[in-house]
Amino acid sequence: MSNAESRRGNLAGWAFIAPAMVLLGLFMVYPIFWSLWMSFQTGKGLNFKFGGLANIIRLTKDPVFQHALSNTMIFLVVQVPVMIVMALLFAVALNNPALKGRAILRTAIFLPCVTSLVAYSVLFKSMFAVDGVVNHTLMALHVISAPIGWMVEPFWAKVLIILAITWRWTGYNMVFYLAALQNIDPSMYEAARIDGVPAWARFTRITIPMLRPVILFTTVLSTIGTLQLFDEVNTITASAGNGGMPADSTLTLSLYIYNLLFKFVPNYGYAATVSWLIVLIVAVLSWIQFQVAKER
Amino acid sequence: MSGLTLKGLRKAYGAAQVIKGVDLEILPEEFVVFVGPSGCGKSTLLRMIAGLESISGGDLFIGGRRVNDVDASQRGIAMVFQSYALYPHMTVRENMGFALKFAGASKTEITAKVDAAAAILGLGALMDRKPRDLSGGQRQRVAIGRAIVREPQVFLFDEPLSNLDAELRVHMRIEIARLHQDLKATIIYVTHDQIEAMTLADKIVVLREGRVEQTGSPLKLYDDPDNIFVAGFIGSPKMNFLSARVQGGRLVLPELADQSLPLPALQQALPEGAQVTLGLRPDVFKRGGSASLSLTIEIVEQLGGETFAYARVGGSAQIMTIAVEDGRALRPGQALVASFDPARALLFDTDGQRLR
Ligand SMILES: Nc1ncnc2c1ncn2[C@@H]1O[C@H](COP(=O)(O)OP(=O)(O)OP(=O)(O)O)[C@@H](O)[C@H]1O
Ligand SMILES: [Mg+2]
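Top line first, the protein sequences correspond to chains A and B. Here the first sequence is numbered in my numbering, starting from 1 and rising by one per residue. Here the second sequence is numbered in my numbering, starting from 297 and rising by one per residue.
It is worth saying that the hints were derived from the structure and are not from the lab. Incorrect hints may have been included.
Incomplete in silico selection of chain B near chain A, CB under 8 Å [to be verified]: (1) Ala374; (2) Ala381; (3) Ala399; (4) Arg446.
With a cut-off of at most 30 Å between alpha-carbon atoms, the simulated DSBU-like pairs for lysine-lysine come out as follows [claimed, not checked]: (5) Lys480/B / Lys534/B; (6) Lys426/B / Lys294/A; (7) Lys316/B / Lys499/B; (8) Lys263/A / Lys44/A; (9) Lys49/A / Lys263/A; (10) Lys294/A / Lys397/B; (11) Lys303/B / Lys397/B; (12) Lys303/B / Lys499/B; (13) Lys516/B / Lys582/B; (14) Lys316/B / Lys303/B; (15) Lys403/B / Lys294/A; (16) Lys499/B / Lys100/A.
Note that the structure is predicted; figures quoted are calculated from it, not measured. We put the CB at the ideal spot given by N, CA and C, even for glycine.
Assemble the whole structure, with the sequences as input and the hints as a guide.
Quick look at the structure:
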């Protein structure tokens with residue numbers, strides 16, 4: 001190929017990807033930088049001006065923000081480990097060829113993450129209503145003596161949100177573990193069995209280390225997902241069109257950003273600052289997780 | 297070291313019978329090789345001995361103790377797998393010492409045992425590497441080392457060398473033979489490889505479709521097979537089989553244009569007209585003898601030290617493999633008079649059983 005020809009080839013190539021590049025630039029790259037710039041602006045609506053670190057200072061004095069941050073962290077610290085451990089146990093159990101009906105169970109556990117958000121929210125709301133089927137069942141089983149106010153009491157509202165997102169995402173994570181487990185040579189476990197390695201040690205000393213890269217991957221992904229938690233707290237624990245109820249006990253950072261923009265008089269600058277704080281937390285937590293998982 | 301006794305051992309997966317009643321006596325310190333075609337149940341039988349597969353029927357004794365329901369870890373056996381089955385996230389040292397941790401050995405004890413095994417296998421310089429940084433032969437040595445440290449009564453090997461290249465296979469074969477001498481262990485070894493079976497075994501067990509066809513020393517099976525299956529399975533290149541008819545005290549070979557040879561001496565008399573199968577190993581033709589067959593050479597294989605001629609008569613379908621002493625001058629198309637000692641010919645009846 002001559003130089004001119006190859007240049008023409010290059011031009012054609014660029015022309016083909018140009019639409020995608022333009023769209024990406026317009027709707028992703030540009031807004032990202034714009035939001036970074038916005039995070040240093042103060043003022044309401046379109047009436048804003050450069051405020052330096054004013055937004056960051058405001059973060060330190062904003063009790064609603066601090067409430068949202070602590071709620072989000074509680075969700076993160078409780079929900080991600082519980083879900084990861086459950087997904088691992090399900091995966092190991094469902095990987096056992098002796099188990100009957102594996103395919104059906106696998107599908108059943110995976111299905112929630114592809115279920116419609118609205119449908120499942122409505123169902124959860126009705127199931128966990130004060131006179132809902134969950135309270136009825138628990139009372140019939142004598143687990144509780146009085147109905148639990150799942151969507152009324154702050155503590156139980158958090159529990160409900162954790163139950164809901166765990167229900168929705170455990171199967172999704174399990175699929176990653178199942179795929180990884182199927183790549184492990186079964187004769188390794190047979191060798192361990194013959195060598196008298198007990199079952200718990202086969203799990204903790206062989207399975208877990210073998211799955212380490214996948215566990216890291218799913219942990220980072222789940223951390224990001226939980227930090228951006230919005231759907232459930234804006235549907236299941238919403239009342240009268242306001243999410244994060246009761247008394248902001250399930251208010252998350254994402255929901256707070258939404259409120260800053262669409263519920264209150266819009267404050268683009270401050271909302272951008274909170275968004276960038278999430279980015280920062282994700283970066284720091286991911287870095288820590290990579291360090292912990294690094295092979296020694 | 298312990299011996300083993302298998303009494304009427306059976307294995308079924310649902311309705312599928314895989315092992316159909318195996319009786320076998322394995323002496324202490326014996327090197328026993330299971331051979332047989334793919335799918336005959338070699339691995340299954342070995343895994344039943346190991347305790348990885350449940351036993352559907354019969355009894356298994358190791359060192360005089362019935363172990364049918366004893367856990368794999370309590371049978372006093374160690375197994376080396378074809379895929380090595382090393383723990384990829386552990387170093388060689390950790391791989392070899394892992395089992396001992398759970399057997400309640402102290403740290404110093406583990407170090408001593410692992411170092412001793414490493415010395416036997418020449419692994420000293422590799423102790424801190426991970427399996428992925430080892431060659432195939434080194435990995436296999438680690439797998440063997442992991443078995444040795446447990447000081448088992450019986451070693452089980454399932455095709456341990458089949459992932460290695462030809463040269464390494466010869467090398468490891470010799471190492472395993474040496475190991476057997478050094479450790480004085482009972483070894484049960486599964487292989488496809490003729491040469492591994494012939495060179496390593498004290499006793500070969502030929503399996504076919506879940507049954508033992510014949511048991512014996514390698515040379516016993518080679519010289520004196522009980523049936524056509526064993527005769528054809530042991531020995532490479534394969535034994536030639538020709539259909540033959542008894543006629544006037546001679547064996548007439550219709551596939552070779554009715555050429556004939558004197559009837560080999562047998563304990564039993566064969567009736568006139570009896571149909572039999574004649575078995576001639578390619579190397580019976582090396583030494584010559586009173587009988588001979590006239591053939592035309594079709595293909596010549598020169599291996600340097602040996603020559604194999606593939607020859608037939610006219611347009612007949614039957615091709616004979618013939619080992620030729622000093623065959624470097626042979627060319628396709630030439631006539632070949634292959635002579636042999638009729639006493640070395642084997643006869644089989646129409647059911648494939650040996651006629652003696
Ligand atoms: N889990 C199982 N369910 C049903 N049949 C099985 C099962 N495992 C093995 N078999 C059958 O048992 C027979 C013996 O298998 P096995 O693996 O012991 O053969 P093998 O002699 O080791 O063959 P190869 O030389 O190919 O390794 C095969 O026909 C196989 O299809
Ligand atoms: Mg096999």
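Outcome of the hint check:
1. At a threshold of 8 Å, the smallest CB-CB gap from alanine 374/B to chain A is about 7 Å, leaving the interface hint in force.
2. Look at alanine 381/B: its Cβ gets to within about 4 Å of chain A, closer than 8 Å, so that hint holds up.
3. This hint holds: alanine 399/B has a C-beta 6 Å from the nearest C-beta of chain A, less than the 8 Å allowed.
4. Interface hint status for arginine 446/B: upheld, as the beta-carbon distance to the closest one in chain A is roughly 7 Å, under 8 Å.
5. Between the alpha carbons of lysine 480/B and lysine 534/B the distance comes to roughly 33 Å, so the proposed pair goes past 30 Å and is violated.
6. Distance check on the hinted pair: lysine 426/B and lysine 294/A sit about 16 Å apart at the alpha-carbon level, within 30 Å; holds.
7. About 21 Å separates the Cα atoms of lysine 316/B and lysine 499/B, which keeps this hinted pair within 30 Å; it holds.
8. With a CA separation close to 13 Å, the supplied pair lysine 263/A and lysine 44/A stays within the 30 Å bound.
9. For a cut-off of 30 Å, the pair hint linking lysine 49/A to lysine 263/A stands: about 22 Å separates their Cα positions.
10. Taking the CA atoms of lysine 294/A and lysine 397/B, the gap is about 25 Å. The hint holds against a cut of 30 Å.
11. Among the hinted pairs, lysine 303/B with lysine 397/B is inconsistent with the structure: their alpha-carbon atoms are about 35 Å apart, more than 30 Å.
12. For a cut-off of 30 Å, the pair hint linking lysine 303/B to lysine 499/B stands: about 18 Å separates their Cα positions.
13. Among the hinted pairs, lysine 516/B with lysine 582/B is consistent with the structure: their alpha-carbon atoms are about 20 Å apart, no more than 30 Å.
14. A threshold of 30 Å between alpha carbons decides the hint, and for lysine 316/B with lysine 303/B the separation of about 11 Å falls inside it, so the pair holds.
15. Our distance criterion of 30 Å between C-alpha atoms is met by lysine 403/B and lysine 294/A, whose separation comes to about 26 Å.
16. Annotation: proposed proximity of lysine 499/B to lysine 100/A is violated, straight-line Cα distance about 42 Å (limit 30 Å).
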